[in-house]
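Work out the full structure, taking the sequences as your base and the hints as a guide.
Here the protein sequences line up with chains A and B, keeping their order.
Residues 1 to 299 (the numbering used here) make up the first sequence, in order.
Residues 1001 to 1271 (the numbering used here) make up the second sequence, in order.
Think of the hints as simulated: they come from the structure by calculation, not from any bench.
Ideal Cβ placement from N, Cα and C applies to all residues, glycine included.
Be aware that a few hints might be false.
Stated by the list, open to error - Calculated pairs, DSS-like style, for lysine-lysine (alpha carbon to alpha carbon, straight line, at most 27 Å):
id	chain 1	residue 1	chain 2	residue 2
1	A	Lys212	B	Lys1118
2	A	Lys16	B	Lys1134
3	B	Lys1134	B	Lys1095
4	B	Lys1095	A	Lys212
5	B	Lys1095	B	Lys1058
Stated by the list, open to error - Far from chain A, by Cβ distances over 10 Å, these chain B residues were calculated:
id	residue
6	Ser1103
7	Arg1123
8	Gly1185
9	Arg1259
10	Asp1263
Spelled out, the chains give:
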Amino acid sequence: MRIGFFIHEAVRALTKNAVPSFAAMATVLVTVLVLGVFIPVVQATTGAANEVRSRVIADVYLQPRVTDAEIAKVRGIIADETPHVARVEFIPKEKAIAAERKAGRGEYYDLLGANPLPDTLRVYPDQPDNITKIRNALAPLSPSGGRTVIDPAIDEVRNREEDTNKILSATRVVKITMALLAVLLCVASILLIANTIRLSLYARRREVEVMKLVGATDWFIRWPFVLEGVLVGAIGGVMAILLLGVVKIALVDPLAAEFALIAAPDTINFGVLIAVLLGASVGVSAIGSGLSLRRFLRV
Amino acid sequence: MQGFLPARQSTLGTLSHAMAATDNRPRRTAPTPRRSVLPPPVDGAIVDLRSVTKRYSKVDVGVEDVTFAVQPGEFVFIVGASGSGKSTLVRLLIKEYDPTFGSITVAGHDLGSIPRSKVPYYRRNVGVIFQDFKLLPSRTVHDNVAYALQVTGGKRREIREKVPDILRLTGLSTKLHNFPDQLSGGEQQRVSVARAFVNHPQLLLADEPTGNLDPETSIGIMQLLYRINRTGTTVIVATHDKAMVDRMRRRVIELASGRVIRDEAGGGYST
Chain A
1 MRIGFFIHEA VRALTKNAVP SFAAMATVLV TVLVLGVFIP VVQATTGAAN EVRSRVIADV
61 YLQPRVTDAE IAKVRGIIAD ETPHVARVEF IPKEKAIAAE RKAGRGEYYD LLGANPLPDT
121 LRVYPDQPDN ITKIRNALAP LSPSGGRTVI DPAIDEVRNR EEDTNKILSA TRVVKITMAL
181 LAVLLCVASI LLIANTIRLS LYARRREVEV MKLVGATDWF IRWPFVLEGV LVGAIGGVMA
241 ILLLGVVKIA LVDPLAAEFA LIAAPDTINF GVLIAVLLGA SVGVSAIGSG LSLRRFLRV
Chain B
1001 MQGFLPARQS TLGTLSHAMA ATDNRPRRTA PTPRRSVLPP PVDGAIVDLR SVTKRYSKVD
1061 VGVEDVTFAV QPGEFVFIVG ASGSGKSTLV RLLIKEYDPT FGSITVAGHD LGSIPRSKVP
1121 YYRRNVGVIF QDFKLLPSRT VHDNVAYALQ VTGGKRREIR EKVPDILRLT GLSTKLHNFP
1181 DQLSGGEQQR VSVARAFVNH PQLLLADEPT GNLDPETSIG IMQLLYRINR TGTTVIVATH
1241 DKAMVDRMRR RVIELASGRV IRDEAGGGYS T
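As C-alpha cells, then:
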C-alpha cells in the first residue's frame, strides 16, 4: 500500500514534469554511456601495457651482416662482463621471422622479399628492476643525450619497458580526458536531477504543506521525491545500458575475435559493468534529489 | 454520530502511545520561562497555555503572556482584530512554531518536549481548518479526504469505510468525484473540515474558517463544527466573524496586540 502510494506519486510527478525529467534522463544516459565505454577501454589499454611490461627483457639488436665470431664476442661480453644478467638467448633472424610468420604476419615480410629483422640477443635480468642497469651498461648514455653502444657489432639496445611507457603515456592522456568528461557529466547529471526535483517540489509545495498539516512524517513526504529522482536516473541508465549492449553485440564482439586488445583478459565482465553503471546512475540521481530535498524541502 | 466514539477512543490510544515514546527523550528546545514561576497547570484541561509568548523578532510580537485553559468538549472562540495574534496561537498549537517563553500542554503532553521527528504523530491528533481551505486542486473530494488517511499510513479498508462516512456527515455525499474548483466556497470548506476530522482528532482548530464565505454559508460551516463538538471533540475557532460569535454564545477569548483582554463564557464578540 505504502510503496504503491510512493511509486504512484513519483510517476504522477514525472509525467507532469516531463520536459525537465527528460533533460535529466538524457544527461544520465550520456553519462552512463561515457562511463560504459570508458571503463573497459581504460582497463584494456592499461591491462595490455602492463602485460608487456611484466615480461622484462632487453633485446640487443645486432648490426646486419655480423659474423658468428662477433656474435660470440658480444654474447660473451653480456653474459660474463655485464652485471645483473641472468641469461642470454640468441635469436637468429631466421627464427625471428619464423615467429612472426607463426603470429600470422608472414605476408608482410613476403612483400619485402628479404628478411629485415636483425639477429637478436635477448637478455634476461636477474631481477626485473635491474633491466635499466643492464641497458645502461650495454648502451651508456652519451653526454649529448643519445646512446652509444659498447661494441660496434651492436646496433641498438631496447627494453620493452620503454615501449610500454610510450603506450602508457598515450593512454594516460586518454584516461585523463575521459575521466574529466565523466566527472563533468556526473556533475551535470546531479545538477539536472536536482533541478528536476526542485521543480517538482515547487509544483507540489501545496501538497507538501497539506501533508505536513495532516501529520505525514518527514520521510513519508520525502520518499516520492527521492523515488522520482531515482526513477529518472534508472530509466536513463537502463537506456544507456541497452545501447551499450547493442553496440557490444553488433560491433565489439565480432571485432574481439580479431583484435587482441578488445579481447584483453583484464576487461571487466559485461554483467559486472552493467551492475556498476546501474549503481552509478541510481547513486547519481539519489545525490541529485537529496541535494534538492536538503535545500528546498524543510519539513 | 455514535459511530465516532469507538474510533475516537482508538485515536486517543495512539496518541498516548506516541507520546509515551517521546516523554523520556531529552528536551530539544527547553522554553525559558520569562518569570521564574509559571502559572500552575490546570487539571484535566485538553489545552493549557501558561505565560505563552511568541516573538518573531524583538519588536514583532505574535502573542504576549497568554494564559488560558480549555476543558475537553469545550467550544471556544478566539476573537480579535487582524494582527492580534489569533493565527499565531493556532500555529503554536500545531507546533508549527515554538513559543519564545512559556509552556503549551495539549492532552497532557508538553509541546516543548516533543522532538521534531515526533511532531507529525502529534499533528495526527489535531485537526486544522484554514481560511483558504488548503485542498489539493488535482484531486477529487474523495481523494482529498482519503489523502489525510493515506499520508498517515491508513489501510485501504479504513479509507473505504471512513471516507464515505465523514463525507456523509459533512453533507458532501453527492460531490464525491468532483474536483475542488467545481465546488462552492462553502463546499470546499466542508471538504477541508471532513479532511481535518477524518482521523477523529481530540482537538479541532479552525483559523478563520468562515473568512472567505458569505454569512449564510458561514452558518452552515459553524453548525458543522458545532455538530463535531457535540461528539466530544474540543473545537477552537479563531475568527473575526462578529455575527457568528454573537449568535453562538460560546466561550470567547479576546486578544488585542497579542494579549488576552477578555475570557468570558457564553460571551459575544465584544463586551
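Cross-check of the supplied hints:
no., hint, result
1, A:Lys212 to B:Lys1118, "12 Å, holds"
2, A:Lys16 to B:Lys1134, "21 Å, holds"
3, B:Lys1134 to B:Lys1095, "18 Å, holds"
4, B:Lys1095 to A:Lys212, "11 Å, holds"
5, B:Lys1095 to B:Lys1058, "21 Å, holds"
6, Ser1103, "22 Å, holds"
7, Arg1123, "4 Å, violated"
8, Gly1185, "17 Å, holds"
9, Arg1259, "28 Å, holds"
10, Asp1263, "28 Å, holds"
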